[in-house]
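So the sequence lines, in the order shown, correspond to chains A and B.
Letter by letter, the first sequence follows residues 2 to 117 of this note's numbering.
Letter by letter, the second sequence follows residues 1126 to 1237 of this note's numbering.
A few of these clues could be false.
Claimed, not checked - Listed next, the stretches of chain A that the computed footprint assigns to chain B, with coverage defined by at least 3 CB atoms under 8 Å from CB atoms of chain B:
| no. | stretch |
| --- | --- |
| 1 | 38-52 |
| 2 | 105-117 |
Stated by the list, open to error - A few chain B residues facing chain A, derived, Cβ under 10 Å:
| no. | residue |
| --- | --- |
| 3 | 1129 |
| 4 | 1188 |
| 5 | 1228 |
As the list claims (entries may be wrong) - Here are the simulated DSBU-like cross-link-like pairs (lysine-lysine), alpha carbons at most 30 Å apart as the crow flies:
| no. | chain 1 | residue 1 | chain 2 | residue 2 |
| --- | --- | --- | --- | --- |
| 6 | A | 109 | A | 79 |
| 7 | B | 1151 | A | 79 |
| 8 | A | 71 | A | 109 |
| 9 | B | 1151 | A | 109 |
| 10 | B | 1138 | A | 109 |
Hints listed in this document are in silico derivations from the structure and should not be mistaken for laboratory results.
Just so it is clear, the structure is predicted and the values come from calculations on it, not from any experiment.
Just so you know, even glycine gets a beta-carbon here, dropped at the ideal spot from N, CA and C.
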Amino acid sequence: AQTVTQSQPEMSVQEAETVTLSCTYDTSESDYYLFWYKQPPSRQMILVIRQEAYKQQNATENRFSVNFQKAAKSFSLKISDSQLGDAAMYFCAYRSPGGSNYKLTFGKGTLLTVNP
Amino acid sequence: DAGVTQSPTHLIKTRGQQVTLRCSPKSGHDTVSWYQQALGQGPQFIFQYYEEEERQRGNFPDRFSGHQFPNYSSELNVNALLLGDSALYLCASSDTGQAGYTFGSGTRLTVV
């Protein structure tokens, strides 16, 4: 079974600075998907960024980028130019490529605080 | 374009009662998944419905059951509620073949 570990329960960053959230995972599969989701106090889980394991290039979405290290099974999220609206819980998630396993496996989350 | 809609937003039930939670998927999505998120934890997969059938189930007892309707909307039913069932219940939808999911804002269930 796949597992996802987020070793940082809480992180803080100054507005306009850069912060990196860590995620490691364990799997025996060679192809899979990785995600970072943001959950603000509104509770809705919002997709931040997605990475396909077969792609060597790291995904980027505006101020958000990932460092995907497949051999190390590491998937960190970098937030540049942090904004107050970035404050939220961030969850790393894993998904198998399909076939018979469709679930997302989440880590326990990292609470990000952005200080003005 | 409406996203995923869940109802109700909050619910308080007594131990032993039964509850039904509802989810309308995002327009164009045909697959619905349910997750349970306990306080301070990541979401845990309950089950997924596709073509009105349960396609995959997580490690949850039979007290948790579901249904998907022809219009792709879905219900989550929990029988014989326990205090430990208190959690945020999230619904997520996707289109067949999509890897990612769109989540709703959840239903906060409190069992007293």
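Here is what the structure says about each hint:
1. Note: the stretch 38-52 of chain A has 8 residues with beta-carbon separation from chain B under 8 Å; the three-residue rule is met and the coverage holds.
2. Against chain B, the stretch 105-117 of chain A contributes 6 residues with a C-beta closer than 8 Å to a partner C-beta. That satisfies the three-residue criterion, and the hint holds.
3. The interface hint given for residue 1129(B) is met, as the beta carbon of that residue sits about 8 Å from the closest beta carbon of chain A, less than 10 Å.
4. Contact between residue 1188(B) and chain A, as hinted, is not supported at the beta carbon level, the nearest pair being about 19 Å apart and thus beyond 10 Å.
5. Given hint, residue 1228(B) at the interface with chain A, holds; its Cβ is 4 Å from that chain's nearest Cβ, closer than 10 Å.
6. Between the alpha carbons of residue 109(A) and residue 79(A) the distance comes to roughly 18 Å, so the proposed pair stays at or under 30 Å and holds.
7. Between residue 1151(B) and residue 79(A), the direct Cα distance comes to roughly 29 Å. Compliance with the 30 Å bound is thereby established for this hinted pair.
8. At roughly 21 Å between alpha-carbon atoms, residue 71(A) and residue 109(A) fall within 30 Å of each other, so this suggested pair holds.
9. Between residue 1151(B) and residue 109(A), the direct Cα distance comes to roughly 26 Å. Compliance with the 30 Å bound is thereby established for this hinted pair.
10. Restraint check: the Cα-Cα separation between residue 1138(B) and residue 109(A) comes to about 27 Å, which is no more than 30 Å; the hinted pair holds.
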